[in-house]
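There are 2 protein chains.
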Amino acid sequence: MNTAYYIGIDIGGTKILAAVATPEGRILARAKRKTLPPDPARAADPLALAQRIAQTAQDALAKAGLDAGAIRAAGVGAPGPTNIHTGRVLNAVNLPGWQEGFDLGPVLSEMLGLPVLVDNDVNVGLLGEATYGATRDFDDVVGLFVGTGLGGAILLGGRLRRGFRWGAGEVGHTYLYWPGKKPREIEKVASRGAISKKLAKAVRQGKSPIVAELLAQRKDDRITSGVIRRALAAGDPVTRKAVAQAQEALAVLIASITNFLDPQAFVLGGGLVESLGEPFLEPIRERARALMFVRERVEEVQILPASLGDDAGVLGGVALAIEQTRP
Amino acid sequence: MNTAYYIGIDIGGTKILAAVATPEGRILARAKRKTLPPDPARAADPLALAQRIAQTAQDALAKAGLDAGAIRAAGVGAPGPTNIHTGRVLNAVNLPGWQEGFDLGPVLSEMLGLPVLVDNDVNVGLLGEATYGATRDFDDVVGLFVGTGLGGAILLGGRLRRGFRWGAGEVGHTYLYWPGKKPREIEKVASRGAISKKLAKAVRQGKSPIVAELLAQRKDDRITSGVIRRALAAGDPVTRKAVAQAQEALAVLIASITNFLDPQAFVLGGGLVESLGEPFLEPIRERARALMFVRERVEEVQILPASLGDDAGVLGGVALAIEQTRP
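Residue numbers (the working numbering), protein chains in the order written: chain V, 61 to 387; chain W, 61 to 387.
Hints are computed from structural coordinates only; laboratory data are not their basis.
Treat the hints with care, as some may be off.
Which copy? The list can't say, so a pair holds if one copy fits it or any two copies do.
Subject to a maximum C-alpha distance of 30 Å in a straight line, what follows is the list of computed BS3-like cross-link-like pairs (lysine-lysine) [as the list claims (entries may be wrong)]:
1) Lys257 x Lys242
2) Lys242 x Lys258
3) Lys241 x Lys258
4) Lys301 x Lys241
5) Lys242 x Lys267
Put together the whole structure using the sequences plus the hints.
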């Protein structure tokens, strides 16, 4: 039988995505489902979530007109640190029932009747971009994903750096330190979540009528990346300041990582980067290069936007499955 | 002829050290010489410095009762970023005549009649500790060397990480950032040089009578690591605060690097660490572990003092020569 295809699965806080693809990254079919079940009574059952993931993969298979026999392996991005040898998600703070860890690899493998490889979602997203996307020409790449938090992943010599306790890449937990101050984590400044929190406070205090008006129009008080983009366009000074601080923190981080690791490329993704685009990225690029210590070939340090969008996770799952099942 | 031995050379800002050693790191003979020539007129001649380095190596050879025919290769630690493929020191800001770069490898190879491998001194020092010293049991090691500045080097999978522009390991140029403040480099806080500068200012302003008295006793106004150690022992509050800020900055750096790269071990060396010893290191170790994001096996992250002292450079040179001439 021809087992030429792979399944990639991306487990997010709100939705599960699955895709069937060729080794070259051509997607044959997609499926998606909400992460949390409609029945809240089942939300805390760790097996119920695994079943929803398996069903999403089977939906994608059915849409592709294939059965499991046509699939070589499935690769999964999970929202938490993961032991890729055992397939155990060590903890997934945002998923009810998985906070204490869950043996996703073996459980899903049993459900699907396939080899299943699991890694954390940020590693998998970077693997997608590095194999099929923005940085496919580079072997040493640091990925920074700016969303609710700030996620990171590191590819060195074409291999993901996972760390001796599966803890590498947690770049959102890089500390900002200033003599006399208590250290705080960079994602408290450089994330969509941090910006939203500042804007919500400004709205409550009546300091940002522009954002208040945008929220009133949407009849929804969630400050999404889209709201931030529109508030910037409307010239809101509170938003401008919060975004500028996030940009400066990211530029400093990129320069510090360059001084430490000297990689060829950075890829920046996540909801905020996708929404704000090049006007957000260009000042970061310029400022980061200005702060780099070694000046030789500084213009060759690539700082690129992610190019796969929502497909980074599922294609990264495909790349993970290929990487880990290669003979 | 038996070419069983190696020469290791360590070029510092004040002295050149050379040693002849076995591949196992047993030193047969040592030699040293001041880096800058007695005749200031020759100080800016880049070749004059190379000749002094070659003479120091030849002194060590003569003391060992050997000639160049008994040596397989020489390895050199140079005080600046270095292209190890060409042996070119890209710049050595503290060495007259070498600020614009110098082809040390080829020049020294010609002078000594031997293969000569060159890397920057911090890489070479870490290679010494990782091959023969404190971290010889670990494959993933970050070295932090606290002296005039803060030097760093990274060993991953047993290999030095050099970076695509030969710029990796410049950890002293990690930026401290705080929203609303201008980024500054961590070595402006976490180095012997930074502490000395603060104490010199305090002495000028009459705010540290203890340090003033220590300097008067020495009849020398250089605030060395030894002066800092004695000022701490005498309970000087200015010294205590400056050292505590350096410790906090180093702990935050170690925690941030752990969150990013998750290496098994850190080795801390340099004049300040050697002088202050375990009372300096233990609070850093405890604080860094408390700040690490992944809590699993956090007590297994090693934070060790360098163990080779002044020999780290020459033994690192030997390890470099072995690494780079291995068939």
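- Structure-inconsistent hints, enumerated in ascending order: none
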